[in-house]
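Residue strings, one per chain:
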Amino acid sequence: MVGGAAVETHELRKEFGRIVALAGLTMTVPRGEVFGFLGPNGAGKTTAVKLLLGLSQPTTGEGWVLGKPLGDVAARRRVGYLPELFRYQSWMTAREVLALHCELAGLDRCDWDNEIRAAIDLVGLADRADGRSGIYSKGMQQRLGLAVALLGRPDLVVLDEPTSALDPVGRQDVRRIIGALRDRGTTVFLNSHLLTEVERVCDRVAIVDHGRVVAELAMADLTNERGVGVRVTGLDGAGREVAAKYGATRVDGEWLNVDGIAEADVPALVAQLVAAGGAIHAVVPTHHTLEERFMTLLGAPDESGGTAPGVSGGSAPGVSGGTASGAGSDASGAGSDASAAGQADPAAPGPEASRETRP
Amino acid sequence: MSIKPILSITRLTLREAVRRRLLWALAGLTALIVLLTFWGFSRIAEASPITGPFEMLGVSQVTVMLAFMFSFVLAMTAVFAGSPAIGADIESGLLLAMLARPIRRSDVLIGRWLGLALVLVVYALVAGYLELGAVQLATGYSPSDSMMAPIYLAAESLILLTMAIVLSTRIASVAGGAVAVVAYGLAWMAGVMGGVGEVFNNDVLRGAGFVSHLILPSDVLWRGAAGALTPPEDILSAGGIANAALYKFSPFSGAPPSPEWLAWCIVWVAGMLALGVLLLRRREL
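Protein sequences appear in the order of chains A and B. For the record, in the first sequence the residue sitting at position 266 is 266 according to the working numbering, with numbers rising by one throughout. For the record, in the second sequence the residue sitting at position 115 is 115 according to the working numbering, with numbers rising by one throughout.
It is worth saying that the hints were derived from the structure and are not from the lab.
With the C-beta cut set under 10 Å, the calculated list includes, among others, these residues of chain A facing chain B:
{"id": "1", "residue": "V79"}
{"id": "2", "residue": "W91"}
{"id": "3", "residue": "L100"}
Glycine included, C-beta positions come from ideal geometry on N, C-alpha and C.
Throw the hints in and build the complete structure from the sequences for me.
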């Protein structure tokens, strides 16, 4: 048992008859971080969440949540949970649902009013808090679920697809709430398919496939894997070799991509390319996106270009021309909510995906 | 083990019964049935004044028939309230959010059982005593044990509620309800066959009745209610059927269950609830 981690599992395995839902999950979620838990459908994500919360028993393996063994009832006092598929008592108002969960969580009666009011305000349900939850839209139900998960200032909040039914405004609200949770030191375990959402809010991600963690990486490392894409014409093979001393190069049509180049070396690279006879049309900073890494790790074809950027070339929106440098460097964080809403599935990249996979 | 989570679930169940208008529906139906009972027996008394043992016997038989119908209504109420109690909450995802809280699955099952049991017992006692009161007011007839009859009926409904809730931990609501209703009918039929075995001194039929009472003791309690509703001994003697075996073991008569059978009913409920907890613990949510 590791007392410092919010969650730690060791070779956690879950079988349903002959079906192996989790093959041996080993991972550590540090306290105070926003931890993204990613994987394709059927990878075992929701099964893992249920094991962590004691809603299901592992076949073998062991794990700890907030320093207590999996399934420990006392530990659940300090955990908030938003299930993926859920429903609350349809005959109750949102306020009554929250009061019920205050009671079930064992909160002091004198704290209920403050807890409920704060949760309702935080998720933006103040206007509808006295309406029956049974007539709520899916998005409002999800807001209510989020409010329930936040009751009692838990040390660990487990969110299973928290934005799947939310509109862009709702998604922005969830990002804001997750940010606020991180600021107050709460660990957030975020299970989501929405890679851009995860990329925006998570400190660290684990990618799970076939019931195992295939990669665990810090988002800072991912975004530090920067490079530059240069749209250049008139350059022969020898000229392109000039770029090799600055980093790993890839050529795709008119785009020459140099991964790992230091930002300070970009002017020198451009100068040498020009000196070698190249005509420079565009210079765009690049970095790997979570989606690219996700697709690479899972061995799936990356329709948006994967780790071989340049497919969208000069036609990639928002990346051409001399002004692209600034815009491109902030692309992952500058996408509009509308574009995030459109990217419901990593396999179906929306406009933001194509922007992020600019050369 | 704290009892607070159990009481929380019990309160939740009672609130749900009120908010979903189950209590109001039962109260309305009770008022209607009591009024109809009073009206019906008043018409009987008007047509033929209830003065002699034969009239009393007639009234007693109608009363037992009425109690049998009430027992059926109670059984159906228990089954249809109990069948979705756990399974529907699992299927809808409602239990996922609740069980992530510091409560046990056993708290949910016992709490749900307690809440629904309270509803059924209060309904059975209030409606039962009001009906017997209406009969007595209209005809002057009072069964041999007016106090115990509604208690046996309430206990019978608890047996069926327990079975329905245990089934709901594993079987879908509709299927569980159907199984419980069929089992209730079979237990009643087996009880009748056991009575026939007593009359004709047939060990096989008597044994079948005994075993069916062991497996599902609802008929034991119905027999207790029917026995409590039979006329007092003096009326039976005056009617000349005090020792008539065929009357004694007819489907609508009986005798108070022995202390051993009552103890078995308690053990049965406790054992079934323990089985339900075990099944629910092993259920994948």
